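For the record, the sequence lines run as chains G and E.
Per our numbering: the first sequence = residues 1008 to 1282.
Per our numbering: the second sequence = residues 1008 to 1282.
Here are some of the chain G residues that sit facing chain E, going by a computed Cβ distance under 8 Å: (1) G1147; (2) V1183; (3) M1257; (4) A1261; (5) L1272.
With a straight-line Cα cutoff of 30 Å, these simulated DSS-like cross-link-like pairs (lysine-lysine) come out: (6) G:K1037 - G:K1018; (7) E:K1037 - E:K1244; (8) E:K1029 - G:K1103; (9) E:K1131 - G:K1218; (10) G:K1037 - E:K1103.
Residues from chain G that keep clear of chain E, each with C-beta distances beyond 12 Å, as calculated: (11) Q1024; (12) Q1030; (13) D1041; (14) E1072; (15) D1088; (16) E1092; (17) P1110; (18) L1124; (19) D1126; (20) G1132; (21) P1135; (22) E1198; (23) I1208; (24) T1214.
Just so you know, the hints here were simulated from the structure itself, not pulled from any lab data.
Since this is a predicted model, take the numbers as computed values, not measurements.
Even for Gly, the Cβ is constructed at its ideal location relative to N, Cα and C.
2 protein chains.
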Amino acid sequence: MTGQSLSHEGKMITSLQSPKVKQVVRLREKRERDKTQTFLIEGYRELTRAVAGAVSFLMLFYSPEHFLGSNEHTLIQTIKDQRVEVIEVSRQVFEKISYRDRPDGLLAIAKQTHLSLNDLTLKKGRPPFFLIAEAIEKPGNLGSILRSSDAAGVDALIVCDRCTDIFNPNVVRASVGTLFTVPVVEVSSDEAIQWLSHHHITIVATTPAAKSTYTQVDLTGPVAIAMGTEQLGLSQKWMEKAHLQVSIPMCGVADSLNVAAATTLLLYEVLRQRS
Amino acid sequence: MTGQSLSHEGKMITSLQSPKVKQVVRLREKRERDKTQTFLIEGYRELTRAVAGAVSFLMLFYSPEHFLGSNEHTLIQTIKDQRVEVIEVSRQVFEKISYRDRPDGLLAIAKQTHLSLNDLTLKKGRPPFFLIAEAIEKPGNLGSILRSSDAAGVDALIVCDRCTDIFNPNVVRASVGTLFTVPVVEVSSDEAIQWLSHHHITIVATTPAAKSTYTQVDLTGPVAIAMGTEQLGLSQKWMEKAHLQVSIPMCGVADSLNVAAATTLLLYEVLRQRS
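In isolation and in its complexed conformation, chain G is listed as follows (with noise of 0.2 Å):
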């Protein structure tokens, strides 16, 4: 041990053949997160807001030499105070274990929880505020998603017919954490139409077809913004079901946006009407 470690009670990881090096590596795939119910969370900023998000750990690793800041030992102190497995490996384990191109020095293996959309309450005072995303499908996308949700404020996250688990390492990663602070729920396009349905929520979907663009609507109500997948945008399905259609200008050659811009765009604008 260094004399940068905390006291633990495992021993430090030197091995890359280790068997909990290997799990870590497992759970980059999706099915070892369905089966194990459990994924990974890397980054000092990213567990910072796990901890804030009340996530539960099931172990943490660290590398003292690839910390950049100060303020690691506190958070794993946090996080040890939890009753976590904390344990030290070494240099050439932490990058095994790293999905990422700077690593700093902490990454842990949490649980998975999954809200309904029971769970989701309505707040008092303001019109609700969600987003659908309807089968996205790269992680990055959906990161990025989840972090204009959390600036722009939405209520929740509505994954429908998900191609990508919100606990693939690089949705967290692209999120940068505000996984843990926006409520996400994964449910069927149906069942989130009629829970939509059911409490007056105006559908609004992006489609080049409409005659209004974006800012010439009301967004001031009660409003769900609907945003589909990469390649094809939102499905017949929610296309019928959509109460406003709303277009994007576009001045060039490209017929859309990349889909993460899209949505911030849109975020956006129900936050500059609101204020």
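Mind docking chain E on chain G? Use the hints.
Same frame as chain G, but now just chain E:
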């Protein structure tokens, strides 16, 4: 040759050891791109936009087994008519040279072209509208920024103190070919600031410290929206030279948006105010 093949001079490449195959793989590296002043363009949509953007091709590889549509042969013929070497490759070879998840059977080597600030013309009839991207690191972000720049109709993207070269294959991919439709200039920050000042263009910087939000300032005049790195935002140099500082409301725990999402918000706010 399969029945689908076009007639061409070259023979079909089936060997993974072919020097041309190796050259394609090498072009994923910046050093090789810089040395040869060439780069890769993969995909039907990207190549179509490259043709429209008058890109000079050196070599086109195609694998009919991967084709997703029926217009590939027309595109190949168009490129072939420019006296470009067109080479059929086997499925296995294409999968080696492709850098995408879903190859669509078309990949070219093209010549880099470089614009300077002197090549930019200020359009008559409407105020200048530029985007500054300072030291963006992730190719996916730079590509997404290009896509939004095309969509919002910016006059040019000025990449300052580059970290990622615009010819990185992931920039081309994330830009979905808008790299060939948006004028892009790579210069130092000093040169860009001097040029903007000479043309009396208002520099707008985004910073959490600003008192006004981006929707509260007048963006209808000549503007250059300046965006900084993923980690640190704009450098001190740009902050000091900015005529306007604006913030983006952040309602959650995160202190910033993804840089491409934030850029899109700013560009579309210019568009909204001007329409």
